[in-house]
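Chains as they are written, first to last, in this note's numbering: chain A, 1 to 352; chain B, 353 to 704; chain C, 705 to 1056.
None of these hints come from the bench; they were simulated from the model. Be careful, since some hints might not be right.
For each label pair, taking beta carbons as the anchor points, the in silico distance ranges come out as [said to hold, decoys possible]:
hint : chain 1 : residue 1 : chain 2 : residue 2 : range
1    : C       : D893      : B       : R404      : 28 to 34 Å
2    : C       : S986      : A       : G110      : 47 to 53 Å
3    : C       : K1001     : A       : V95       : 29 to 35 Å
4    : C       : A801      : B       : V447      : 34 to 40 Å
Straight-line alpha carbon distances no greater than 30 Å define the calculated DSS-like cross-link-like pairs of lysine-lysine that follow [what the hints assert, rightly or not]:
hint : chain 1 : residue 1 : chain 2 : residue 2
5    : B       : K660      : C       : K1035
6    : A       : K342      : B       : K674
7    : A       : K243      : B       : K613
8    : A       : K331      : C       : K1035
9    : C       : K1032     : A       : K243
10   : A       : K151      : A       : K49
11   : C       : K777      : B       : K694
12   : A       : K192      : C       : K855
13   : B       : K680      : A       : K342
14   : C       : K965      : A       : K195
15   : B       : K693      : C       : K1026
16   : B       : K674      : A       : K49
17   : A       : K342      : A       : K328
18   : A       : K195      : C       : K753
19   : C       : K1032     : A       : K342
20   : A       : K328      : C       : K965
21   : B       : K649      : B       : K595
The C-beta atom is built at its ideal place from N, Cα and C for all residues, glycine as well.
Now for the letters of each chain:
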Amino acid sequence: MAAQDAGRRLSEIAGVVGGELRGADVLVSRPVQAGADAADGICFGADEKHLRRAVESNVAAIIVPRECPDVDKPVIAVDNPRAAFGAVLSMFARVHAIPKGLHKWSMTEGAEVSPEAAVGACAYISEGAVIEAGAQIFPLAFIGPGCRVGKCSLVLPGAVLLQDVEVGDFCIIHAGAVVGSDGFGFVWDGDKQVKVPHAGSARLGDHVEVGANATIDRAPSGETVIGDGTKIDNLVQIAHGVKIGDHSVVAAQAGISGSTKIGDRVTIGGQVGMVHHVEVASDSSFGGGTVITRSVKEGGEYAGIPAKPIWQEVRIRAALPKVPDLLKRVKALEDELETLKKHVELASQDPE
Amino acid sequence: MAAQDAGRRLSEIAGVVGGELRGADVLVSRPVQAGADAADGICFGADEKHLRRAVESNVAAIIVPRECPDVDKPVIAVDNPRAAFGAVLSMFARVHAIPKGLHKWSMTEGAEVSPEAAVGACAYISEGAVIEAGAQIFPLAFIGPGCRVGKCSLVLPGAVLLQDVEVGDFCIIHAGAVVGSDGFGFVWDGDKQVKVPHAGSARLGDHVEVGANATIDRAPSGETVIGDGTKIDNLVQIAHGVKIGDHSVVAAQAGISGSTKIGDRVTIGGQVGMVHHVEVASDSSFGGGTVITRSVKEGGEYAGIPAKPIWQEVRIRAALPKVPDLLKRVKALEDELETLKKHVELASQDPE
Amino acid sequence: MAAQDAGRRLSEIAGVVGGELRGADVLVSRPVQAGADAADGICFGADEKHLRRAVESNVAAIIVPRECPDVDKPVIAVDNPRAAFGAVLSMFARVHAIPKGLHKWSMTEGAEVSPEAAVGACAYISEGAVIEAGAQIFPLAFIGPGCRVGKCSLVLPGAVLLQDVEVGDFCIIHAGAVVGSDGFGFVWDGDKQVKVPHAGSARLGDHVEVGANATIDRAPSGETVIGDGTKIDNLVQIAHGVKIGDHSVVAAQAGISGSTKIGDRVTIGGQVGMVHHVEVASDSSFGGGTVITRSVKEGGEYAGIPAKPIWQEVRIRAALPKVPDLLKRVKALEDELETLKKHVELASQDPE
Chain A
1 MAAQDAGRRL SEIAGVVGGE LRGADVLVSR PVQAGADAAD GICFGADEKH
51 LRRAVESNVA AIIVPRECPD VDKPVIAVDN PRAAFGAVLS MFARVHAIPK
101 GLHKWSMTEG AEVSPEAAVG ACAYISEGAV IEAGAQIFPL AFIGPGCRVG
151 KCSLVLPGAV LLQDVEVGDF CIIHAGAVVG SDGFGFVWDG DKQVKVPHAG
201 SARLGDHVEV GANATIDRAP SGETVIGDGT KIDNLVQIAH GVKIGDHSVV
251 AAQAGISGST KIGDRVTIGG QVGMVHHVEV ASDSSFGGGT VITRSVKEGG
301 EYAGIPAKPI WQEVRIRAAL PKVPDLLKRV KALEDELETL KKHVELASQD
351 PE
Chain B
353 MAAQDAGRRL SEIAGVVGGE LRGADVLVSR PVQAGADAAD GICFGADEKH
403 LRRAVESNVA AIIVPRECPD VDKPVIAVDN PRAAFGAVLS MFARVHAIPK
453 GLHKWSMTEG AEVSPEAAVG ACAYISEGAV IEAGAQIFPL AFIGPGCRVG
503 KCSLVLPGAV LLQDVEVGDF CIIHAGAVVG SDGFGFVWDG DKQVKVPHAG
553 SARLGDHVEV GANATIDRAP SGETVIGDGT KIDNLVQIAH GVKIGDHSVV
603 AAQAGISGST KIGDRVTIGG QVGMVHHVEV ASDSSFGGGT VITRSVKEGG
653 EYAGIPAKPI WQEVRIRAAL PKVPDLLKRV KALEDELETL KKHVELASQD
703 PE
Chain C
705 MAAQDAGRRL SEIAGVVGGE LRGADVLVSR PVQAGADAAD GICFGADEKH
755 LRRAVESNVA AIIVPRECPD VDKPVIAVDN PRAAFGAVLS MFARVHAIPK
805 GLHKWSMTEG AEVSPEAAVG ACAYISEGAV IEAGAQIFPL AFIGPGCRVG
855 KCSLVLPGAV LLQDVEVGDF CIIHAGAVVG SDGFGFVWDG DKQVKVPHAG
905 SARLGDHVEV GANATIDRAP SGETVIGDGT KIDNLVQIAH GVKIGDHSVV
955 AAQAGISGST KIGDRVTIGG QVGMVHHVEV ASDSSFGGGT VITRSVKEGG
1005 EYAGIPAKPI WQEVRIRAAL PKVPDLLKRV KALEDELETL KKHVELASQD
1055 PE
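Isolated chain A, as found in the complex (with noise of 0.2 Å):
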């Protein structure tokens, strides 16, 4: 934090990120977006619009272009504004960090827990589940009988790995997650439901992050699936035995059903909705709100209730408002018609 709060001079940012200062070496503490009100602010300007919003509010320093004009403000000049400016959110970034070990308060008996791993107050690891090293498992998180925890991965607060569960490399669990729980699967038979009972896991592979408060259950039998890197957002709920490919994105509040296996580089947008045994190509995308109700082969860019390429759905959505008038004009046209109709039947019918 006392980086934070006691700024950086814009000289060492200008050195990490490769720039040229120009004007004052004041003092910032944070970046924001441009025309922020933050007179302790640096921000970006890629274009002349952000530009001239930023030189117009009252930030103390600006990222610009190497190209730009001299403004009235003290700027860093560099090749990609952009790019620099993701190397100042890290710079200010203050990770959230557990010291290593066991906190006094935690419950570990029986785990096997990495001397190099940490594990925070309240935090409940169950009998025979393993934490590796670098791992952080968070205040009042739940790690159930049966998960491994891979390396540096993070079990944020209130996280519940239920049981069965193997977590890769460099995830992040955030708070609230529920990764392993029973699938919703019933049979009914005649009279009630009856629970399928789950003997399956849930497993996870490197880099993946699951957001807070999403629901990832664990297999009926066999596994359910997330590839290396994949990215899932909050309140994501993916149901027993999906199998999701690497590098794949899932907005948040998708919900994707039972058996489904979704490809690699795939997007899925918010709120977007997915039937169950459905299967997906990879580098598809799916904008908010569709909903996928048969497979798709081929990758593409869709959306829509079915989904449809997105070109159909947009040329559906601007006919819909016209349909109303639609039913007026093909109402008038009928009656047209029929008129003209009888009016030439009359006329053939003159001669006689």
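Given chain A, work out where chains B and C should sit, using these hints.
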């Protein structure tokens, strides 16, 4: 609990609501809905229908309008039965509170906790976090580094303020809510998703409520902001950098994408979706399931996918079931017109 | 865990499922899906396609119908392979249980906990709450004032019964679920939203399941009710005062608004939305994403926005992609008709 268990005399209730007791001064022990099966209940009947339902049920007493004719039960006659019933709800509401001071099993090392605040068992307050007078941090809640909880605010069991979250006065963070997570920000580098570091924060005004298991991310730079008096329901997702004004209402499972700006007194229905970077005017209102894909510049009522003025959406919804038939009617028109054209052409050739 | 790790002989499994072992009495250690890459797995092949897939994979054994021809793997032949596989799932399911009695780090002061119940570490049972025989309150769960957990019910890690919640017998409250929160009730007083106090409760019947991170609010007055045998999936929202009958099923991310009444044996698909105060008949079924805006008086299958009989929705979905062209066709018809009318008028004037 004593008050609820023992019940209250109608004379006491009549005194509180400024009404007139007509009939026996019986004990009631809970407010119920008109028509409930509750011999110890009190309900209200503001109109004839609800009054009849109440009289026919076995409730002990009814709150009625002053002009109400005599009925066969004890009543409290008031000017405004609905408002009076609200007061009765308050009389019976069991306010769930925890005792002032630090529970012996709370963790508050290095935190700044007011002696007038309450911290429950297994609540975790990180080093440097601030808890103001009258605030209550319930058991199993987590308050991260850089967080502040204002006067008389409640953080209920299992809620998480992850980091750099400022909560105003008189707020309620309901059970399981997560505020201040990393936003869902990644940049594709050609091989993998690279995480955007989050150096920003989240700030809630006064009198804000955040529903059970809702999620509010902190900003990558700058702030996510929820204005004074804004109420957020269960399982809502508010992405990084969103700004919501004052006295707005967001119903359950709505999802607001990153950097969206929402005005004051906006009503957002359940399961609404909103794409990123749009702006929504004050005093606008969105029906359940609306998808907002572009900025809404004027207040008013909207619905549909994408959002339209509600009258337009109503017309479209009414028209859609007629579309399958419309296709047939247009085909019939095309055929008839073709026939007629031939007939006319033939007729015009006749003279020859 | 021992059973799973060591595996079971096919002869033992054949005995349990009443089947006939054909081939070597090998060990298997987990049930898997047909086609899985699992040399220690047992799967089932009820039809030719799945059987072929199973035979071609490297699983150790297959459960097959009695009439199945010989294959090149050990099989167990049974009357009903699907049912037999269910039994195998049960044999291998790892039931996650905690030891009877109070963990030394549980908090139960003033609560009434059966000596036959189990309470885990950092579980918090409020004063006056009742935990019946055989119930298991897992680590980090919270049971608030006025709550009762019935016989043999489970409250999993991180779940919260906030207050005045009655849970029947043999229920499962999954990890992170919140039951008994304040409902989302506010009255606009001209300046601000005023909170409606919640004096009611929530009551769950027997054999109810509430999914991970699902939320069920208690009623402002009276009760929120979930009937016997009803199963609720992850991330579902049930608002204040909802009544759901017996043996209904609510899939993930569905949202049920306040005071709705839902009958028995109703099936609600994923991401369904339901406005407040509607009633839904028993034995009705709603496809994923359906929005129910008015009462449904008869059982049957529904889908769409708003809900329609499913055959109607299917016709509309098939028709919509044709609408953009329909607009053009109607324009063409209008033009042609206009031309034809002029032609006919001209023709009828010709004779003069």
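Hints, verified against the model:
At roughly 30 Å, the beta carbons of D893(C) and R404(B) sit within the given window of 28 to 34 Å. Separation of S986(C) from G110(A) is about 48 Å and conforms to the stated range, judged on CB atoms against 47 to 53 Å. Range check, K1001(C) to V95(A): about 57 Å between beta-carbon atoms, so the 29 to 35 Å window is missed. Distance hint check: the CB atoms of A801(C) and V447(B) are about 36 Å apart, consistent with the given range 34 to 40 Å.
The straight-line distance between the Cα atoms of K660(B) and K1035(C) is roughly 25 Å, inside the 30 Å bound, and the hint therefore holds. A hinted pair counts as satisfied when its Cα atoms are at most 30 Å apart, and K342(A) with K674(B) qualifies at roughly 27 Å. With a C-alpha separation of about 36 Å, the suggested pairing of K243(A) with K613(B) is violated against the 30 Å cut-off. This hinted pair checks out: K331(A) and K1035(C) have alpha carbons roughly 13 Å apart, not beyond 30 Å.
For a cut-off of 30 Å, the pair hint linking K1032(C) to K243(A) is broken: about 43 Å separates their Cα positions. A distance of roughly 44 Å separates the Cα atoms of K151(A) and K49(A); the hinted pair therefore is violated under the 30 Å criterion. Taken as a hint, the K777(C) and K694(B) pair is broken in the structure, with Cα atoms around 72 Å apart against an allowance of 30 Å. For the given pair, K192(A) sits about 19 Å from K855(C) by alpha-carbon distance, which is consistent with the 30 Å threshold.
Straight-line distance between C-alpha atoms of K680(B) and K342(A) comes to about 22 Å, which keeps the hinted pair within the 30 Å bound. Restraint check: the Cα-Cα separation between K965(C) and K195(A) comes to about 25 Å, which is no more than 30 Å; the hinted pair holds. Taken as a hint, the K693(B) and K1026(C) pair is honoured in the structure, with Cα atoms around 25 Å apart against an allowance of 30 Å. Among the hinted pairs, K674(B) with K49(A) is inconsistent with the structure: their alpha-carbon atoms are about 48 Å apart, more than 30 Å.
Between K342(A) and K328(A) the CA atoms are separated by roughly 21 Å; this keeps the pair inside 30 Å, and the hint holds. Between K195(A) and K753(C), the direct Cα distance comes to roughly 26 Å. Compliance with the 30 Å bound is thereby established for this hinted pair. As the CA atoms of K1032(C) and K342(A) are separated by approximately 26 Å, the hinted pair is consistent with the 30 Å bound. Of the pairs offered as hints, the one joining K328(A) and K965(C) is violated, with about 38 Å between alpha carbons and a cut-off of 30 Å exceeded.
Taking the CA atoms of K649(B) and K595(B), the gap is about 16 Å. The hint holds against a cut of 30 Å.
Against the hints set out earlier in the document, violations occur for numbers 3, 7, 9, 10, 11, 16, 20.
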